[in-house]
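> Below are the chains, spelled out letter by letter.
There are 2 protein chains.
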Amino acid sequence: MLQYALLHICGYKLSMDDIKAFRSIDSITPGHPEAHDTDGIEVTTGPLGQGFSNAVGLAIAQHHSSAEFNKPGFELINNYTYTFLGDGCMMEGVASEAASLAGHLQLGNLIAIYDDNHISIDGDTNCAFTEDVAMRFKAYGWHVETVDDGDHDLEAIEAAIKKCQAVKDKPSMIKLRTTIGYGSLHQGTGGVHGSALKKDDITQLKKKFGFNPEETFVVPQEVYDLYHKKGAEGAAKEKEWEQLLEKYAGSHKAEAADLKRRLTGDLPEGWEKNLPVYSPSDSAVASRKLSEIVLTKIHQAIPELVGGSADLTGSNLTRWKDAVDFQPPSLGIGDWSGRYIRYGVREHAMGAIMNGLAAYGTILPYGGTFLNFVSYAAGAVRLSALSQVRVIWVATHDSIGLGEDGPTHQPIETLAHFRALPNCMVWRPADGNETSAAYYIALTSKHTPSIIALSRQNLPHLENSTLSNAIKGGYVVHETGKADITLVSTGSEVGICVDAVKYLKEKHSITARVVSIPCFEVFDAQSKEYRLSVLPDGTPSLSVEVMSTMGWERYTHEQFGLNRFGASGAYKDVYKVCHIYIFIFQY
Amino acid sequence: MLQYALLHICGYKLSMDDIKAFRSIDSITPGHPEAHDTDGIEVTTGPLGQGFSNAVGLAIAQHHSSAEFNKPGFELINNYTYTFLGDGCMMEGVASEAASLAGHLQLGNLIAIYDDNHISIDGDTNCAFTEDVAMRFKAYGWHVETVDDGDHDLEAIEAAIKKCQAVKDKPSMIKLRTTIGYGSLHQGTGGVHGSALKKDDITQLKKKFGFNPEETFVVPQEVYDLYHKKGAEGAAKEKEWEQLLEKYAGSHKAEAADLKRRLTGDLPEGWEKNLPVYSPSDSAVASRKLSEIVLTKIHQAIPELVGGSADLTGSNLTRWKDAVDFQPPSLGIGDWSGRYIRYGVREHAMGAIMNGLAAYGTILPYGGTFLNFVSYAAGAVRLSALSQVRVIWVATHDSIGLGEDGPTHQPIETLAHFRALPNCMVWRPADGNETSAAYYIALTSKHTPSIIALSRQNLPHLENSTLSNAIKGGYVVHETGKADITLVSTGSEVGICVDAVKYLKEKHSITARVVSIPCFEVFDAQSKEYRLSVLPDGTPSLSVEVMSTMGWERYTHEQFGLNRFGASGAYKDVYKVCHIYIFIFQY
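Read top to bottom, the protein sequences are chains A and B. Going by my numbering, the first sequence opens with residue 1, and the numbers climb by one from there. Going by my numbering, the second sequence opens with residue 1, and the numbers climb by one from there.
Bear in mind the hints are in silico, worked out from the structure with no lab data behind them. Be aware that one or more of the hints could be misleading.
Stated by the list, open to error - List of simulated lysine to aspartate or glutamate pairs, DMTMM-like, C-alpha gap at most 25 Å:
| hint | chain 1 | residue 1 | chain 2 | residue 2 |
| --- | --- | --- | --- | --- |
| 1 | B | Lys297 | B | Asp258 |
| 2 | B | Lys198 | B | Asp151 |
| 3 | B | Lys572 | A | Asp37 |
| 4 | B | Lys237 | B | Glu215 |
| 5 | A | Lys20 | B | Glu404 |
| 6 | A | Lys199 | A | Asp151 |
| 7 | A | Lys168 | A | Asp335 |
| 8 | B | Lys472 | A | Glu553 |
| 9 | A | Lys321 | B | Asp124 |
| 10 | A | Lys528 | B | Glu558 |
| 11 | A | Lys247 | A | Glu75 |
| 12 | B | Lys138 | A | Asp124 |
| 13 | B | Lys138 | A | Glu233 |
| 14 | B | Lys162 | B | Glu42 |
| 15 | B | Lys321 | A | Asp124 |
| 16 | A | Lys20 | A | Glu215 |
| 17 | B | Lys572 | A | Glu558 |
| 18 | A | Lys230 | A | Asp17 |
| 19 | B | Lys175 | A | Asp132 |
| 20 | A | Lys175 | A | Glu42 |
| 21 | A | Lys20 | B | Asp405 |
| 22 | B | Lys199 | A | Asp405 |
| 23 | B | Lys168 | A | Asp132 |
| 24 | A | Lys198 | B | Glu404 |
| 25 | B | Lys247 | B | Asp258 |
| 26 | A | Lys163 | A | Asp132 |
| 27 | A | Lys199 | A | Asp225 |
| 28 | A | Lys576 | A | Glu558 |
| 29 | A | Lys163 | B | Asp132 |
| 30 | A | Lys502 | A | Glu529 |
| 31 | A | Lys198 | B | Glu233 |
| 32 | B | Lys20 | A | Asp573 |
| 33 | B | Lys289 | A | Asp26 |
| 34 | A | Lys230 | A | Asp153 |
What the hints assert, rightly or not - Partial chain B-side listing against chain A, Cβ under 8 Å, derived:
| hint | residue |
| --- | --- |
| 35 | Asp17 |
| 36 | Asp18 |
| 37 | Pro47 |
| 38 | Val94 |
| 39 | Phe129 |
| 40 | Met135 |
Please read these numbers as outputs of a predicted model, since none were measured by experiment. All C-beta atoms, glycine included, are put in the ideal place defined by N, C-alpha and C.
Extracted from the complex, chain A is given alone in its bound form:
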């Protein structure tokens, strides 16, 4: 509500009627702020720890973009990023991860204001949260200021902010000791966290602060005047910035055009010509390697592409060869302009930071980890989908095919999980052209995050696999005549199905069609006619995917999969023990 109230009094498109509609249906003031619903809301938050981590992403984007675009005389990109967080955020692991990375990266323009009110939903934080937060943030490498009386001492708050602004080599945190529900009869208790105040309480509170208790939804004119003045100052600064940008465009034409283009979300013209194309005679390659080839070929054409990995670079193959790391220059191992982020083993923060990077507008982020560990970041992936940001997960080691690491690392439920998430595209390409297609759709879907599941093991290139087929999300990979049965599959199992067809023909005189559905979401969006041409009514069908069969019933009569955990061993042995080879009749 604080955000909505401030947007209202500053003159954003948020009326008093919108305020009155708080938490009611079809309002632009939902219970938790959503970026695409409301002007001036920059990221979708509410789930604890996400907003703070988004801010770390916004600050990374600012540091990176300033290094890319600022020129002598043109300090085009130099904003501070401010974020508010409470005790709940402070307890969440995702925020701890993001804070540790922010400290490492020395994000001097990031200022976090910690509403230290000693109250969370269960009551006094002394029941669960007694750590020394200031000391913890100092340990992360942050500058820390403390304001003892956050309820009244505006001078101290301003002084603290100014000190933080002056610290350029560290992110800053202001520990603001406040009283929750300040002015209520129940101030300083858990009772005022989420419940509306009772009538008598509101009456005394309004009186205390000089309001007429009979009036509701009133803002004194002098308050409007003050904040509208602030709003006008902001608008003037925006205009000034736009003029600076136009001047910049005169002397730095290419950079200005690039910046303007990035802010539209469009990719540079012709970028897609860099996507690799394969034919069935090309040798088998792991799709994680195919992904690396895509990134290598397109990164020059798409300068906003900024990647990284949660400490699995050599396994995810997410770093093109001559990439520069995004690092504070003082460390001597990279630069602010670097386009490769070392996220550390922080999957959840990586997801939430990518949401912030995408929200900034100048960056198209991707991040790598094993498919199984995208689950660690489920909270952030959900917000990518809900807030409609373009974020790409390079999710390698996508099945029991990863072999020796065993069931703790082999996803079973993961694809079903994210396929069930609205506005999230889950790709599991079967070969080179499908991998190019996955990137093509992921990169051009401005308002949708994507998870690209990639194999550790080598995969052959398939006969009908083309970019134009694969971008439909599903198509016929193999057919030798009128089919008695349709085999439907994804990723590493498509090639196995193609082999099975040959066996079925030779040994059982059965003619089979093989369909690849690299992306449910995209295939489901095709015309019914097209879908029926791929999966004809009446032909018996079987799906084959070496993980949970959940969701496959929509396409096929029978499902072959793995509704149990995998095993540790050489991948062909794991396939055997999981009966994949029995499926294909002793292939």
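Once you have looked at the hints, place chain B on chain A.
Just chain B, lined up with the frame of chain A:
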């Protein structure tokens, strides 16, 4: 491999052949240790941060159980819990959450040994992890010791452990500065993290440490002798403890019987008589409230039940009225014997700690949060399922029915996610008797975790809902004659379907059967005959669940659900905007 090697030389059931079979199929030495595969492996770890957080759970269990069972002269339960962790664990948020809680709880018997080798998979940790870990742990309230030369200085290591053992009011962490791959030509680099050493490297390493380079899989007899002696000492201590337990049984008969029973995993005889029973005339109640009633009624009968919430106690209704908090007595707000844990806003740590609590053997843990935020703990839930531990999630606010908090808090994909996870029971009870059934099966399933999804809003009690029907996972709730159509539903939508039936009959002369499937996993395990009696072949069928329809295709011809995000508003308005009322023909 270190764990397996130590188990082998200490004389556990793990032979040299098992060692040779490391990471191969059907071995008891999988790539990451699994509790149920291998004697002496106490928790399933591998996914980073989980093992450390399990240890916090084991230490909580020890502190709690010692308060419950120890008597003057009988220090029956007094073990230390040791855990090893590396830089990866240190970066994961789940470990940060668990460390903060452990510090708050003053878990004096927990000793963590941090292998501070400055290397993670991406190379030198200075690329992503430069925080002051010792300072961070001090901020959490831990005692910290540092050993500078962890490669050689055994005396310093022993001294540090002894110092930590003597600190009784804080958990302890030993920061052990080591060299990864010590002795290898590539020691101290990322190259030795996960890859096998090359032949020449192994040769020089064996020579360096006095081994014959030609011999493989050899343990010198004096090493066996030393460790077998340690093993024998351990066995003697175990025997001593068993004798102490027998002596204890003489003077504390009931406590000893209780302890022995708990260790079998069986519940006390007759506990189930406390489960509440309802009839359709009872007034409508929210299933989160029904869950509270169950906990209130059974907690005395099942003393091993230890609950908690991730800072949503008043919303999850997870705390029976006179519960005592599990807290260090010095805080004055609880006791070590308390059975209610204030987890703070730390869902992921709560999940991993519950795995440790369950593994200890004397505790049956449950924990509450909103269903949507069980996803934050996906990594831990997966390990509950894989390691076959009995852990119960009280997952309230289970749908768009939560209303005002909006789409950031309304689960859509969550049930599909966990239904796709093997060995995980997902319950969504529709009323009182189904809630009792969910608890009945969850509590008696010794080797399976459960997630019980519960409503915020009131639900009527249904006519055929009985414990014996509901424990089958699916049954006919309502029928008035030969059905033209079958409506299949769960939770809060079952009552809506029953109302729809009346409307269908009156306005369209259509006879409908209503089926409730509170738990897919349990229903799928029933005989085919029973399943067909509930969902007859041939009758047209429609599923109704206000979230992702994924997975429902297995039961019904058509699916009604919500393959989009929800909305913020009064819950009946949200239902309208999501067309739930259109579904039931303007109900």
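> Now look at each hint and say whether the structure bears it out.
Here's how the hints hold up against the structure:
1. Lys297/B - Asp258/B: Since the Cα atoms of Lys297/B and Asp258/B sit roughly 19 Å apart, the hinted pair holds (cutoff 25 Å).
2. Lys198/B - Asp151/B: Distance of about 22 Å is within 25 Å: holds.
3. Lys572/B - Asp37/A: holds, 21 Å
4. Lys237/B - Glu215/B: Not OK: Lys237/B and Glu215/B at ~35 Å, beyond 25 Å, violated.
5. Lys20/A - Glu404/B: Roughly 14 Å separates the two Cα atoms, so the pair holds.
6. Lys199/A - Asp151/A: holds, 23 Å
7. Lys168/A - Asp335/A: holds, 16 Å
8. Lys472/B - Glu553/A: holds, 23 Å
9. Lys321/A - Asp124/B: Roughly 18 Å between the alpha carbons, so the hint for Lys321/A and Asp124/B holds.
10. Lys528/A - Glu558/B: holds, 16 Å
11. Lys247/A - Glu75/A: holds, 12 Å
12. Lys138/B - Asp124/A: holds, 22 Å
13. Lys138/B - Glu233/A: Violated: Lys138/B and Glu233/A sit about 45 Å apart, past 25 Å.
14. Lys162/B - Glu42/B: holds, 23 Å
15. Lys321/B - Asp124/A: holds, 18 Å
16. Lys20/A - Glu215/A: holds, 14 Å
17. Lys572/B - Glu558/A: violated, 38 Å
18. Lys230/A - Asp17/A: Roughly 22 Å between the alpha carbons, so the hint for Lys230/A and Asp17/A holds.
19. Lys175/B - Asp132/A: Judged against 25 Å, a Cα distance of about 20 Å means the pair holds.
20. Lys175/A - Glu42/A: holds, 23 Å
21. Lys20/A - Asp405/B: Status holds; Cα separation ~16 Å.
22. Lys199/B - Asp405/A: Satisfied, since the Cα-Cα distance of roughly 23 Å is no more than 25 Å.
23. Lys168/B - Asp132/A: holds, 20 Å
24. Lys198/A - Glu404/B: Judged against 25 Å, a Cα distance of about 19 Å means the pair holds.
25. Lys247/B - Asp258/B: holds, 15 Å
26. Lys163/A - Asp132/A: Satisfied, since the Cα-Cα distance of roughly 21 Å is no more than 25 Å.
27. Lys199/A - Asp225/A: violated, 29 Å
28. Lys576/A - Glu558/A: Measuring from Cα to Cα gives roughly 20 Å; hence the hint holds.
29. Lys163/A - Asp132/B: holds, 23 Å
30. Lys502/A - Glu529/A: violated, 28 Å
31. Lys198/A - Glu233/B: Violated, because 66 Å separates the two Cα atoms, which is more than 25 Å.
32. Lys20/B - Asp573/A: Judged against 25 Å, a Cα distance of about 16 Å means the pair holds.
33. Lys289/B - Asp26/A: violated, 29 Å
34. Lys230/A - Asp153/A: Roughly 21 Å separates the two Cα atoms, so the pair holds.
35. Asp17: Result: violated, 15 Å to nearest chain A Cβ.
36. Asp18: Constraint on Asp18/B not satisfied, violated at 13 Å.
37. Pro47: holds, 6 Å
38. Val94: For Val94/B, the interface hint holds, since the closest Cβ of chain A sits about 5 Å away, which is under 8 Å.
39. Phe129: Holds, about 5 Å.
40. Met135: Result: holds, 4 Å to nearest chain A Cβ.
The structure fails to meet hints 4, 13, 17, 27, 30, 31, 33, 35, 36 from the earlier list, while all remaining hints are met.
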